[in-house]
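Colleague: One-letter residues, chain by chain:
Number of protein chains: 2
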Amino acid sequence: MGKIRLYIDQPFVPGQALLLGPEQAHYLSGVMRQGPGAEIAVFNGRDGEWTARIERADRRGGALSLIARSAPQRDPPDLWLLFAPLKKARTDFIVEKAAELGAARILPVQTDHTNAERIAQGRLQAHAVEAAEQCGGTFVPQVAELTPLARLLEGWDSARRILWADEALVGPAQTLAGLPSGPWAVLIGPEGGWSEAERARLAGMAGVARISLGPRILRADTAAVAALTLWQAALGDW
Amino acid sequence: MGKIRLYIDQPFVPGQALLLGPEQAHYLSGVMRQGPGAEIAVFNGRDGEWTARIERADRRGGALSLIARSAPQRDPPDLWLLFAPLKKARTDFIVEKAAELGAARILPVQTDHTNAERIAQGRLQAHAVEAAEQCGGTFVPQVAELTPLARLLEGWDSARRILWADEALVGPAQTLAGLPSGPWAVLIGPEGGWSEAERARLAGMAGVARISLGPRILRADTAAVAALTLWQAALGDW
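If you read the protein sequences in the order shown, they are chains A and B. full-length UniProt numbering applies: residue 1 is where the first sequence begins, and numbers increase by one. full-length UniProt numbering applies: residue 1 is where the second sequence begins, and numbers increase by one.
Isolated chain A (complex conformation) (with noise of 0.2 angstroms):
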């Protein structure tokens, strides 16, 4: 913590200047009180951790040089989480978590029972970006658009498994210990729960492992980042 992270959406070339925008600019000098010669880290989701040298940063904009790599990029495991947006506040938390968590891809989805009919796309990106320059990241989930469930289903690669964490399965927690590595998908379910339904289509799909998170029913973004951290402590990077 402390060290300035900055993801700027760039390709990294050494000798070539790196742009910042107004925003990040005025983070810079205005926020972070950074004047050239300051130095920060950088990463773009792609090339790992660089450090970067302020040029010039004011409210209109600013440049960075490139100095030198100072860690390797790591992606997470191939881990998606689809959910079903709640609130605002719940979301955004959702998005921010699963960031931290290591997640390589957030998608929204519509279920029978969700009430979002949209999302604020761009402020869940902005949220996971925030995220990986908090945790010490290099990579950026992608945060998807709000899809119908049904949808994804229908095309779903039956190589990526699913664990499917049903609130109607109260009781004695699963132990993930002997699941098979490889793709995944976490799925959690909308506040209102599953509807019958989709719970036959998930109950009849290969591939999909139904867990219990205890005896407790877990509000739907408990449910994201404990099912997360369960998968990732059993197969996944921790």
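Don't take every hint at face value.
Where chains are identical, the list cannot tell them apart; a pair therefore holds if satisfied intra-copy or between any two copies.
Below, in silico cross-link-like pairs of lysine to aspartate or glutamate (EDC-like), each with a Cα-Cα straight-line distance of 16 angstroms or less [said to hold, decoys possible]:
{"no.": "1", "residue 1": "K3", "residue 2": "E39"}
{"no.": "2", "residue 1": "K3", "residue 2": "D237"}
{"no.": "3", "residue 1": "K88", "residue 2": "D78"}
{"no.": "4", "residue 1": "K3", "residue 2": "E117"}
{"no.": "5", "residue 1": "K3", "residue 2": "E167"}
{"no.": "6", "residue 1": "K88", "residue 2": "E117"}
{"no.": "7", "residue 1": "K3", "residue 2": "E130"}
Please keep in mind that the hints were generated in silico from the structure rather than gathered at the bench. Fair warning: this is a prediction, and the values are worked out from it, not measured in the lab.
Starting from the known structure of chain A, fit chain B onto it as the hints suggest.
Modeller: Quick look at chain B alone, frame taken from chain A:
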């Protein structure tokens, strides 16, 4: 979900009315639109869940009559959460999540790098109550007053082991399998990290298991949820 559940801190004696304060009575009548004759679920943290009938509920107060016990009392495992308070929203969040995840006691601690001088203990306790109402639990963890960690460790009962999440230990997460059961406390550090003195103190204590939470640095609130999840899955009641 859906069922109205109220925590009522009174002895449950069948045949004896439960009295509602103006706030709970207004919640039932004004917010949830429930009137005399409607049935709700109540719990007091000791006697399980009961079905109760509304006898009266308006802006001044109200009364319920107990009908029958609907679920036995279920206490969480003997797990404490010690954490350094963060900003308001994240502290509220940790308390909510700890209650959902089945912590028995929540202890905000002052560490060498904690900024908080005080906590809104009443507000935090209310969050724990609301989480218990939401998650179908019959137990409400007590939120203790803010206490210096050093003082807490001085009088520490060595029978209670400590799961110490050390953000400096970045790397493969330890498996908790093999750790002994019994009373435990999960200890989560402040955003500013542990001081050298705290590190030395904790490293020298018997019964302290130091764990990593994976290769990314987790925010303190994420670390709290992740560590409670791993403990519950390995040693708790999940």
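Colleague: Each hint should be assessed against the structure and marked as holding or not.
Modeller: These are the hints, each one checked on the structure:
Proximity of K3 to E39 under the C-alpha cut-off of 16 angstroms is restricted to the intra-copy arrangement: shortest distance 9 angstroms within a copy versus 55 angstroms between copies. Taking the shortest Cα distances, K3 and D237 never come within 16 angstroms of each other, neither inside one copy (24 angstroms) nor across copies (39 angstroms). When the C-alpha separation of K88 and D78 is checked against a cutoff of 16 angstroms, the pair qualifies neither within a copy, at 27 angstroms, nor between copies, at 34 angstroms. For the homomeric pair K3 and E117, neither the shortest alpha-carbon distance inside one copy (39 angstroms) nor that between copies (25 angstroms) is at most 16 angstroms.
Within a single copy, K3 and E167 get their C-alpha atoms only as close as 40 angstroms, which misses the 16 angstroms cut-off; across copies the closest is 15 angstroms, which meets it. With identical chains, the CA atoms of K88 and E117 are at most 16 angstroms apart within one copy only, with a shortest distance of 13 angstroms there and 30 angstroms across copies. Proximity of K3 and E130 under a CA criterion of 16 angstroms is satisfied intra-copy only: 14 angstroms inside one chain copy versus 37 angstroms between copies.
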